[in-house]
Amino acid sequence: MMIRRTLRMITALTATCAVALAGGVGTAQAEESHVSSQKQLLFYNHAYSVVDRETADAVENSAYLREFANFEVRTTTGGGMTWKGRYLKGRETYIELFGEGDLPGQDALYGSAGLGVSTERSGDLAKVTAQLAALGISDPAKYRQTRDFGDGVPIPWFDTIRTTADQYEAFDPWAMEYFPEYFADPRSQTEPASYDGDVSRERYLPDAYADHLMRDITYIRIGVPARDLANTVPLLKAGGFDVTVTGGGAIARGGGTTIQLDSVAREKAGLKQVSMSLNQSVATRHEERIGRSTLVVGPGAGAEWTFDAPQ
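If you use my numbering, the sequence shown corresponds to residues 1 to 311, in order.
For the record, the hints were derived by calculation from the structure and aren't laboratory data.
No experiment lies behind these values; they were computed from the predicted model shown.
Keep in mind that the hints are not guaranteed to be accurate.
Unchecked claim - Restraint ranges, calculated between C-beta atoms of paired labels, are given here: (1) G136 to V282: 45 to 53 Å; (2) A130 to H286: 44 to 52 Å; (3) E32 to Q106: 28 to 36 Å; (4) D308 to T75: 35 to 43 Å; (5) G300 to G136: 42 to 50 Å.
For glycine and all other residues, C-beta sits at the position ideal for the given N, C-alpha and C.
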(Lines of atoms letter the chains of each structure in order from A and count residues from 1; the text may use other names and numbers.)
(Lines give C-alpha, C1' and ligand atoms only; values in the text may rest on other atoms or scores of the structure.)
Protein backbone atom coordinates (compact mmCIF):
# COMPACT_ATOMS: atom_id res chain seq x y z
CA MET A 1 0.00 0.00 0.00
CA MET A 2 1.22 3.47 -0.86
CA ILE A 3 -0.09 6.08 1.56
CA ARG A 4 -0.72 9.15 -0.53
CA ARG A 5 -0.21 11.79 2.12
CA THR A 6 3.51 11.85 1.28
CA LEU A 7 2.69 12.81 -2.29
CA ARG A 8 1.08 16.03 -1.14
CA MET A 9 4.59 17.44 -0.82
CA ILE A 10 5.02 17.02 -4.58
CA THR A 11 4.00 19.92 -6.83
CA ALA A 12 0.66 19.14 -8.49
CA LEU A 13 1.10 18.45 -12.18
CA THR A 14 -1.90 20.34 -13.46
CA ALA A 15 -1.10 19.98 -17.14
CA THR A 16 -0.39 16.28 -16.75
CA CYS A 17 -3.73 15.75 -15.03
CA ALA A 18 -5.51 17.52 -17.87
CA VAL A 19 -3.84 15.24 -20.42
CA ALA A 20 -4.73 12.17 -18.36
CA LEU A 21 -8.34 13.26 -18.22
CA ALA A 22 -8.39 13.87 -21.93
CA GLY A 23 -6.97 10.40 -22.59
CA GLY A 24 -9.19 8.65 -20.07
CA VAL A 25 -12.90 8.01 -19.82
CA GLY A 26 -14.16 11.51 -19.11
CA THR A 27 -17.88 11.54 -19.87
CA ALA A 28 -17.66 9.60 -23.11
CA GLN A 29 -20.34 6.97 -23.59
CA ALA A 30 -19.01 5.20 -26.70
CA GLU A 31 -16.94 2.08 -26.13
CA GLU A 32 -13.22 2.49 -26.76
CA SER A 33 -11.01 -0.59 -26.99
CA HIS A 34 -7.24 -0.40 -26.72
CA VAL A 35 -5.59 -3.67 -27.70
CA SER A 36 -1.93 -3.42 -26.82
CA SER A 37 0.61 -4.30 -29.49
CA GLN A 38 3.52 -4.10 -27.05
CA LYS A 39 4.96 -6.59 -24.62
CA GLN A 40 3.18 -6.37 -21.28
CA LEU A 41 5.34 -4.42 -18.82
CA LEU A 42 3.00 -4.03 -15.85
CA PHE A 43 1.03 -6.71 -14.02
CA TYR A 44 -1.53 -6.67 -11.24
CA ASN A 45 0.47 -6.70 -8.01
CA HIS A 46 -2.09 -5.83 -5.33
CA ALA A 47 -5.04 -3.64 -4.54
CA TYR A 48 -6.20 -2.19 -1.26
CA SER A 49 -9.52 -0.86 -0.04
CA VAL A 50 -10.99 0.66 3.10
CA VAL A 51 -13.99 -1.38 4.22
CA ASP A 52 -16.44 -0.74 7.05
CA ARG A 53 -15.20 -1.40 10.58
CA GLU A 54 -17.44 -4.44 11.08
CA THR A 55 -15.97 -6.15 8.01
CA ALA A 56 -12.38 -5.16 8.81
CA ASP A 57 -12.66 -6.62 12.31
CA ALA A 58 -14.33 -9.78 10.99
CA VAL A 59 -11.55 -10.25 8.42
CA GLU A 60 -8.89 -9.71 11.06
CA ASN A 61 -10.39 -12.30 13.38
CA SER A 62 -11.56 -14.86 10.80
CA ALA A 63 -10.35 -18.39 11.52
CA TYR A 64 -11.52 -19.49 8.06
CA LEU A 65 -9.37 -16.93 6.21
CA ARG A 66 -6.31 -18.22 8.05
CA GLU A 67 -7.03 -21.66 6.63
CA PHE A 68 -8.08 -20.47 3.18
CA ALA A 69 -5.12 -18.20 2.38
CA ASN A 70 -1.67 -17.12 3.43
CA PHE A 71 -3.26 -14.55 5.72
CA GLU A 72 -1.42 -11.93 7.74
CA VAL A 73 -2.25 -8.90 9.88
CA ARG A 74 0.85 -6.72 9.77
CA THR A 75 1.96 -3.27 10.81
CA THR A 76 4.39 -1.78 8.29
CA THR A 77 6.62 1.30 8.45
CA GLY A 78 7.70 2.94 5.21
CA GLY A 79 8.35 6.45 3.96
CA GLY A 80 7.95 7.86 7.45
CA MET A 81 4.44 6.42 7.80
CA THR A 82 3.04 3.39 9.64
CA TRP A 83 -0.04 1.40 8.69
CA LYS A 84 -1.79 -1.82 9.72
CA GLY A 85 -3.14 -4.01 6.94
CA ARG A 86 -4.96 -7.30 6.61
CA TYR A 87 -3.37 -9.32 3.80
CA LEU A 88 -4.42 -12.32 1.73
CA LYS A 89 -1.35 -13.33 -0.27
CA GLY A 90 -1.10 -15.69 -3.22
CA ARG A 91 1.76 -16.84 -5.41
CA GLU A 92 2.11 -13.54 -7.30
CA THR A 93 -0.78 -11.34 -6.20
CA TYR A 94 -2.47 -10.13 -3.04
CA ILE A 95 -5.21 -7.99 -1.54
CA GLU A 96 -4.88 -5.59 1.40
CA LEU A 97 -7.82 -4.41 3.52
CA PHE A 98 -8.16 -1.53 5.97
CA GLY A 99 -10.97 -0.49 8.27
CA GLU A 100 -12.43 3.00 8.44
CA GLY A 101 -10.05 5.21 10.40
CA ASP A 102 -6.98 2.98 9.93
CA LEU A 103 -5.28 5.45 7.58
CA PRO A 104 -4.68 9.19 7.88
CA GLY A 105 -6.71 11.97 6.27
CA GLN A 106 -9.15 11.27 3.47
CA ASP A 107 -7.59 7.83 2.99
CA ALA A 108 -9.34 6.78 6.22
CA LEU A 109 -12.78 7.10 4.63
CA TYR A 110 -14.86 4.12 3.61
CA GLY A 111 -14.42 3.28 -0.07
CA SER A 112 -10.89 4.67 -0.44
CA ALA A 113 -8.87 2.26 -2.55
CA GLY A 114 -5.74 1.88 -4.62
CA LEU A 115 -4.13 -0.31 -7.26
CA GLY A 116 -0.47 -1.25 -7.62
CA VAL A 117 0.71 -2.68 -10.95
CA SER A 118 4.33 -3.73 -11.07
CA THR A 119 7.13 -4.76 -13.40
CA GLU A 120 8.73 -8.21 -13.49
CA ARG A 121 12.14 -7.12 -14.74
CA SER A 122 14.44 -4.35 -13.55
CA GLY A 123 14.40 -1.40 -15.94
CA ASP A 124 10.86 -1.92 -17.26
CA LEU A 125 9.47 1.00 -15.25
CA ALA A 126 11.55 3.30 -17.44
CA LYS A 127 9.89 1.71 -20.49
CA VAL A 128 6.47 2.38 -18.97
CA THR A 129 7.50 6.00 -18.46
CA ALA A 130 8.42 6.20 -22.16
CA GLN A 131 5.04 4.71 -23.11
CA LEU A 132 3.28 7.32 -20.97
CA ALA A 133 5.16 10.02 -22.85
CA ALA A 134 3.84 8.56 -26.10
CA LEU A 135 0.35 8.95 -24.62
CA GLY A 136 1.01 12.61 -23.86
CA ILE A 137 2.09 12.29 -20.20
CA SER A 138 5.70 13.35 -20.38
CA ASP A 139 6.33 14.12 -16.71
CA PRO A 140 4.64 11.56 -14.45
CA ALA A 141 4.84 11.97 -10.67
CA LYS A 142 7.64 9.89 -9.19
CA TYR A 143 8.07 8.63 -5.65
CA ARG A 144 10.57 6.31 -3.97
CA GLN A 145 9.26 4.19 -1.11
CA THR A 146 11.48 2.86 1.67
CA ARG A 147 10.81 0.23 4.31
CA ASP A 148 11.91 0.01 7.93
CA PHE A 149 11.93 -3.52 9.34
CA GLY A 150 11.79 -2.21 12.90
CA ASP A 151 15.50 -1.74 13.47
CA GLY A 152 15.57 1.90 12.42
CA VAL A 153 17.58 1.17 9.27
CA PRO A 154 15.37 1.90 6.22
CA ILE A 155 16.08 0.33 2.86
CA PRO A 156 14.89 1.31 -0.64
CA TRP A 157 11.76 -0.76 -1.31
CA PHE A 158 10.34 0.28 -4.69
CA ASP A 159 10.03 3.19 -7.10
CA THR A 160 6.63 4.38 -8.30
CA ILE A 161 5.16 6.55 -11.02
CA ARG A 162 1.67 8.05 -11.28
CA THR A 163 -0.01 9.90 -14.11
CA THR A 164 -0.66 12.81 -11.76
CA ALA A 165 0.50 14.05 -8.37
CA ASP A 166 -2.12 13.95 -5.61
CA GLN A 167 -5.08 14.61 -7.89
CA TYR A 168 -7.56 12.04 -6.58
CA GLU A 169 -10.88 11.66 -4.86
CA ALA A 170 -10.86 8.08 -3.59
CA PHE A 171 -8.70 5.85 -5.82
CA ASP A 172 -4.91 5.85 -6.16
CA PRO A 173 -3.33 3.92 -9.08
CA TRP A 174 0.44 3.58 -9.41
CA ALA A 175 3.08 1.59 -11.27
CA MET A 176 5.94 0.19 -9.22
CA GLU A 177 9.26 -1.58 -9.52
CA TYR A 178 10.99 -3.33 -6.62
CA PHE A 179 14.64 -2.53 -5.96
CA PRO A 180 17.28 -5.28 -6.41
CA GLU A 181 18.76 -3.98 -3.14
CA TYR A 182 15.56 -4.90 -1.34
CA PHE A 183 15.79 -8.50 -2.50
CA ALA A 184 19.47 -8.61 -1.58
CA ASP A 185 18.78 -7.57 2.02
CA PRO A 186 18.29 -10.70 4.22
CA ARG A 187 15.66 -8.84 6.25
CA SER A 188 13.32 -8.98 3.25
CA GLN A 189 13.21 -12.80 3.40
CA THR A 190 12.65 -12.99 -0.34
CA GLU A 191 13.64 -15.66 -2.85
CA PRO A 192 16.76 -15.82 -5.05
CA ALA A 193 16.51 -14.42 -8.57
CA SER A 194 15.26 -16.77 -11.30
CA TYR A 195 16.70 -14.67 -14.15
CA ASP A 196 18.77 -11.53 -14.74
CA GLY A 197 16.90 -8.47 -13.48
CA ASP A 198 14.29 -10.53 -11.59
CA VAL A 199 12.17 -8.13 -9.50
CA SER A 200 9.04 -10.22 -9.90
CA ARG A 201 5.96 -10.53 -7.77
CA GLU A 202 6.56 -14.25 -7.30
CA ARG A 203 10.05 -13.56 -5.96
CA TYR A 204 8.69 -10.93 -3.58
CA LEU A 205 5.89 -13.01 -2.06
CA PRO A 206 6.57 -16.04 0.17
CA ASP A 207 5.72 -19.56 -0.92
CA ALA A 208 3.37 -20.12 2.05
CA TYR A 209 0.42 -19.85 -0.38
CA ALA A 210 1.12 -23.49 -1.29
CA ASP A 211 -0.04 -24.58 2.17
CA HIS A 212 -3.49 -23.05 1.65
CA LEU A 213 -6.30 -23.11 -0.91
CA MET A 214 -5.91 -19.60 -2.39
CA ARG A 215 -3.43 -19.39 -5.25
CA ASP A 216 -3.88 -16.00 -6.93
CA ILE A 217 -6.28 -13.16 -7.69
CA THR A 218 -7.77 -13.53 -11.16
CA TYR A 219 -10.34 -10.71 -11.14
CA ILE A 220 -10.95 -7.59 -9.08
CA ARG A 221 -13.77 -5.04 -9.33
CA ILE A 222 -13.66 -1.64 -7.65
CA GLY A 223 -15.94 1.39 -7.85
CA VAL A 224 -13.94 4.58 -8.48
CA PRO A 225 -14.82 8.24 -9.10
CA ALA A 226 -14.66 9.35 -12.74
CA ARG A 227 -11.64 11.63 -12.28
CA ASP A 228 -9.65 8.84 -10.65
CA LEU A 229 -10.64 6.45 -13.42
CA ALA A 230 -9.42 8.92 -16.04
CA ASN A 231 -6.04 9.08 -14.31
CA THR A 232 -5.82 5.27 -14.25
CA VAL A 233 -6.56 4.38 -17.85
CA PRO A 234 -3.34 5.81 -19.39
CA LEU A 235 -1.23 3.94 -16.82
CA LEU A 236 -2.86 0.63 -17.71
CA LYS A 237 -2.44 1.30 -21.42
CA ALA A 238 1.21 2.23 -20.97
CA GLY A 239 1.77 -1.01 -19.07
CA GLY A 240 0.51 -3.13 -21.94
CA PHE A 241 -2.95 -4.10 -20.69
CA ASP A 242 -5.76 -4.51 -23.20
CA VAL A 243 -8.18 -1.82 -22.02
CA THR A 244 -11.85 -1.38 -22.88
CA VAL A 245 -13.42 1.92 -21.80
CA THR A 246 -17.10 2.83 -21.73
CA GLY A 247 -19.11 5.52 -20.01
CA GLY A 248 -19.65 3.04 -17.19
CA GLY A 249 -15.99 2.32 -16.49
CA ALA A 250 -13.02 0.36 -17.80
CA ILE A 251 -11.85 -3.25 -17.97
CA ALA A 252 -8.14 -4.09 -18.26
CA ARG A 253 -7.08 -7.59 -19.25
CA GLY A 254 -3.66 -9.18 -19.25
CA GLY A 255 -1.15 -11.05 -17.15
CA GLY A 256 -3.64 -13.41 -15.52
CA THR A 257 -5.74 -10.82 -13.64
CA THR A 258 -8.68 -8.85 -15.02
CA ILE A 259 -9.19 -5.42 -13.47
CA GLN A 260 -12.67 -3.88 -13.66
CA LEU A 261 -13.11 -0.29 -12.54
CA ASP A 262 -16.67 1.05 -12.39
CA SER A 263 -17.22 4.79 -12.70
CA VAL A 264 -19.28 5.77 -9.63
CA ALA A 265 -20.02 8.69 -7.34
CA ARG A 266 -17.67 9.02 -4.36
CA GLU A 267 -20.24 7.62 -1.92
CA LYS A 268 -20.45 4.43 -4.01
CA ALA A 269 -16.68 3.92 -4.27
CA GLY A 270 -14.83 0.91 -2.93
CA LEU A 271 -14.12 -2.78 -3.35
CA LYS A 272 -16.95 -4.83 -4.88
CA GLN A 273 -15.58 -8.24 -5.81
CA VAL A 274 -12.45 -10.36 -5.82
CA SER A 275 -12.17 -13.70 -7.66
CA MET A 276 -9.36 -16.13 -6.86
CA SER A 277 -7.90 -19.29 -8.31
CA LEU A 278 -7.26 -22.22 -5.99
CA ASN A 279 -4.31 -24.57 -5.67
CA GLN A 280 -6.67 -27.51 -6.04
CA SER A 281 -10.23 -28.18 -7.02
CA VAL A 282 -12.79 -28.62 -4.25
CA ALA A 283 -15.82 -30.84 -4.59
CA THR A 284 -18.38 -28.83 -2.64
CA ARG A 285 -19.44 -25.21 -2.24
CA HIS A 286 -18.51 -23.42 0.99
CA GLU A 287 -20.01 -20.04 1.88
CA GLU A 288 -18.45 -17.89 4.61
CA ARG A 289 -20.06 -14.67 5.81
CA ILE A 290 -17.33 -12.24 6.94
CA GLY A 291 -18.74 -8.99 8.30
CA ARG A 292 -20.62 -7.37 5.43
CA SER A 293 -19.01 -9.59 2.81
CA THR A 294 -19.46 -13.13 1.52
CA LEU A 295 -16.71 -15.53 0.43
CA VAL A 296 -17.85 -18.48 -1.71
CA VAL A 297 -15.28 -21.22 -2.31
CA GLY A 298 -15.92 -23.93 -4.91
CA PRO A 299 -17.13 -26.11 -6.31
CA GLY A 300 -14.15 -26.32 -8.63
CA ALA A 301 -10.87 -24.43 -8.53
CA GLY A 302 -12.15 -20.93 -7.88
CA ALA A 303 -13.50 -18.65 -5.18
CA GLU A 304 -15.45 -15.38 -5.23
CA TRP A 305 -15.51 -12.74 -2.48
CA THR A 306 -18.22 -10.08 -2.75
CA PHE A 307 -18.65 -7.00 -0.59
CA ASP A 308 -22.02 -5.51 0.27
CA ALA A 309 -22.90 -2.17 -1.30
CA PRO A 310 -22.72 0.93 0.95
CA GLN A 311 -25.80 1.36 3.13
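Hints versus structure:
1. Distance hint check for G136 and V282: the Cβ-Cβ separation is about 47 Å, which falls inside the suggested range of 45 to 53 Å.
2. The hinted range of 44 to 52 Å is satisfied by A130 and H286, whose Cβ atoms lie roughly 46 Å apart.
3. The beta-carbon spacing between E32 and Q106, approximately 30 Å, falls within the hinted interval of 28 to 36 Å.
4. Between D308 and T75 the CB atoms are about 27 Å apart, so this pair departs from the stated range of 35 to 43 Å.
5. Separation of G300 from G136 is about 44 Å and conforms to the stated range, judged on CB atoms against 42 to 50 Å.
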